[in-house]
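Input sequences plus hints: build the corresponding full structure.
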Amino acid sequence: MDFVLSLFLLLVVVGGIMGTVQIRLETVQKSDEAVQARLISEKVASAIEEVYASGEGHEIRIEMPGNIEGSPYQVKVNQSGVRIDVGGWTGYSYSFSKKISDYAQNQNEVIMRPNTNYTLRNVKEGKRNIVVIF
Amino acid sequence: MVLKKLFLIKIPFINFPRRIKQFMLVNEYILLDKKGQLPIEFLLVVGFSVLVLMPMALSLSNAGELNQAMSAARAGALQGATSDSLAIYPEDTFRAYQREHQRLLNPSGVKIVKITYLNQGFNQSYQKTKIQLKIYASAPSVPDKTDRNCLGDRINFQARKKITESFNTENLTNSMYNPAFSQKYMFTTANVQWQ
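In the order they appear, the protein sequences are chains A and B. Counting from 1, one number per residue, gives the positions in the first sequence under this note's numbering. Counting from 1, one number per residue, gives the positions in the second sequence under this note's numbering.
Rather than coming from a laboratory, the hints here were simulated on the basis of the structure. Here the structure is a predicted model, which is why all the values come from computation and not from measurement. Please note that a few of the clues may not be correct.
[What the hints assert, rightly or not] Quick list of in silico lysine-lysine cross-link-like pairs, DSSO-like style, CA-CA up to 27 Å:
| hint | chain 1 | residue 1 | chain 2 | residue 2 |
| --- | --- | --- | --- | --- |
| 1 | A | K30 | B | K134 |
| 2 | A | K43 | A | K99 |
| 3 | B | K114 | B | K134 |
| 4 | B | K111 | A | K30 |
| 5 | A | K43 | A | K98 |
| 6 | B | K114 | A | K30 |
| 7 | B | K145 | B | K134 |
| 8 | B | K114 | B | K130 |
| 9 | A | K99 | A | K124 |
| 10 | A | K43 | B | K111 |
| 11 | B | K130 | B | K184 |
| 12 | A | K127 | A | K99 |
[Said to hold, decoys possible] Cβ pair distances, simulated, as ranges:
| hint | chain 1 | residue 1 | chain 2 | residue 2 | range |
| --- | --- | --- | --- | --- | --- |
| 13 | B | M56 | A | V21 | 22 to 28 Å |
| 14 | A | T116 | B | Y136 | 43 to 49 Å |
| 15 | B | V46 | A | G88 | 55 to 61 Å |
| 16 | A | L10 | B | E91 | 40 to 46 Å |
| 17 | B | N62 | A | N78 | 53 to 59 Å |
| 18 | A | D102 | B | S175 | 36 to 42 Å |
| 19 | B | P90 | A | N108 | 22 to 28 Å |
| 20 | A | A53 | B | K134 | 45 to 51 Å |
| 21 | B | K114 | A | G126 | 54 to 60 Å |
| 22 | B | N123 | A | F3 | 38 to 44 Å |
| 23 | B | A57 | A | P72 | 45 to 51 Å |
| 24 | B | V113 | A | K124 | 49 to 55 Å |
Note that beta-carbon positions come from the ideal geometry of N, C-alpha and C, so glycine has one too.
Spelled out as structure tokens, the structure:
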């Protein structure tokens, strides 16, 4: 009788704890995903600022991770900042307004893909400098 | 054999007939007992145990359910606060903030201070006990009231969503998870109290 009662109480307690643990783990995973996304967008925005501020010829290489906590993601860079999309969530890192371009297509919005290495270079265009991502 | 050992009792009476061993199985003793003493005691103990255990089990079940809901609400509120802090939002919300609340696209330190609940009694229309959650948070870097309301709405939304997911009651509620349901309770959220 004692054994059965103890087992019942143990099951109730363990069941409650397991439920709480599962909820917390999901929260941690989501938070980790959001942190990683914010870190990537800030890293790109910061690199663009640094390249632009350092003058003609300065360049920085960036290695984009393959995924964020197993989820695919996309980074879009335009003149005013860096936007990141992952798993239906979006974040944005502002940077000082400047011209961003891609060597191949000369476009104003550059998409940076996962698992790819990029070089950000300060290039002189007429009288002003632009940041080229390739 | 193990079960047999479990029900082996030492009979406490002094005047044992010699043929009765002092150690025997309960059912063996009941069969040999001629005074009917043990069955009455046994029934009294069992009856009393049932009377005590039934309300206790009910109370434990209710407390466990509320505890699970509060735990889920806390996890949800933390997730909402993390989303607010890192300025990572669902896509439609992000677009709305681009139009009206551009400050919220920058990270802002949001902390959950505490979560309390208020039992508002039995709700006749839902046939469940209504619980109102109140979340206390702080965001010193966001002074604007409308911006704070947006941050608070996300915290409340995530808290209700987590409760709903925790009890698998998505089919009972609406797209805003308001109210959120468990088996015996329904949960609403008051406006987040900023400190």
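Verification of the supplied hints:
Taking the CA atoms of A:K30 and B:K134, the gap is about 23 Å. The hint holds against a cut of 27 Å. Pair hint A:K43 plus A:K99 holds up; C-alpha atoms about 18 Å apart against a cutoff of 27 Å. Using a Cα cut-off of 27 Å, the hinted pair B:K114 and B:K134 holds, with the two alpha carbons roughly 8 Å apart. Between B:K111 and A:K30, the direct Cα distance comes to roughly 17 Å. Compliance with the 27 Å bound is thereby established for this hinted pair.
Of the supplied pair hints, the one linking A:K43 and A:K98 holds, its CA atoms being roughly 17 Å apart against a limit of 27 Å. Between B:K114 and A:K30 the alpha-carbon distance is near 21 Å, which keeps this suggested pair within the 27 Å criterion. For the suggested pair B:K145 and B:K134, the alpha carbons sit about 18 Å apart, so the restraint of at most 27 Å is met. With a C-alpha separation of about 20 Å, the suggested pair B:K114 and B:K130 falls inside the 27 Å cut-off, and the hint holds.
The straight-line distance between the Cα atoms of A:K99 and A:K124 is roughly 11 Å, inside the 27 Å bound, and the hint therefore holds. Of the supplied pair hints, the one linking A:K43 and B:K111 holds, its CA atoms being roughly 24 Å apart against a limit of 27 Å. Straight-line distance between C-alpha atoms of B:K130 and B:K184 comes to about 9 Å, which keeps the hinted pair within the 27 Å bound. With a C-alpha separation of about 13 Å, the suggested pair A:K127 and A:K99 falls inside the 27 Å cut-off, and the hint holds.
Separated by about 26 Å at the C-beta atoms, B:M56 and A:V21 satisfy the suggested range of 22 to 28 Å. With their beta carbons about 44 Å apart, A:T116 and B:Y136 fall inside the hinted range of 43 to 49 Å. Distance hint check: the CB atoms of B:V46 and A:G88 are about 57 Å apart, consistent with the given range 55 to 61 Å. Distance hint check: the CB atoms of A:L10 and B:E91 are about 45 Å apart, consistent with the given range 40 to 46 Å.
Roughly 54 Å separates the CB atoms of B:N62 and A:N78, a value that falls within the hinted 53 to 59 Å. Between A:D102 and B:S175 the beta carbon distance is about 39 Å. The supplied range of 36 to 42 Å therefore holds. At about 26 Å, the beta-carbon gap between B:P90 and A:N108 stays in the expected band of 22 to 28 Å. Taking 45 to 51 Å as the suggested C-beta distance range, the pair A:A53 and B:K134 conforms, at roughly 47 Å.
Taking 54 to 60 Å as the suggested C-beta distance range, the pair B:K114 and A:G126 conforms, at roughly 58 Å. The hinted window of 38 to 44 Å between B:N123 and A:F3 holds, with their beta carbons roughly 41 Å apart. The given range of 45 to 51 Å is respected by B:A57 and A:P72, whose C-beta atoms sit roughly 48 Å from each other. Taken as a hint, the range 49 to 55 Å holds for the pair B:V113 and A:K124, whose Cβ atoms sit roughly 53 Å apart.
Checked against the numbered hints given earlier, this structure breaks none of them.
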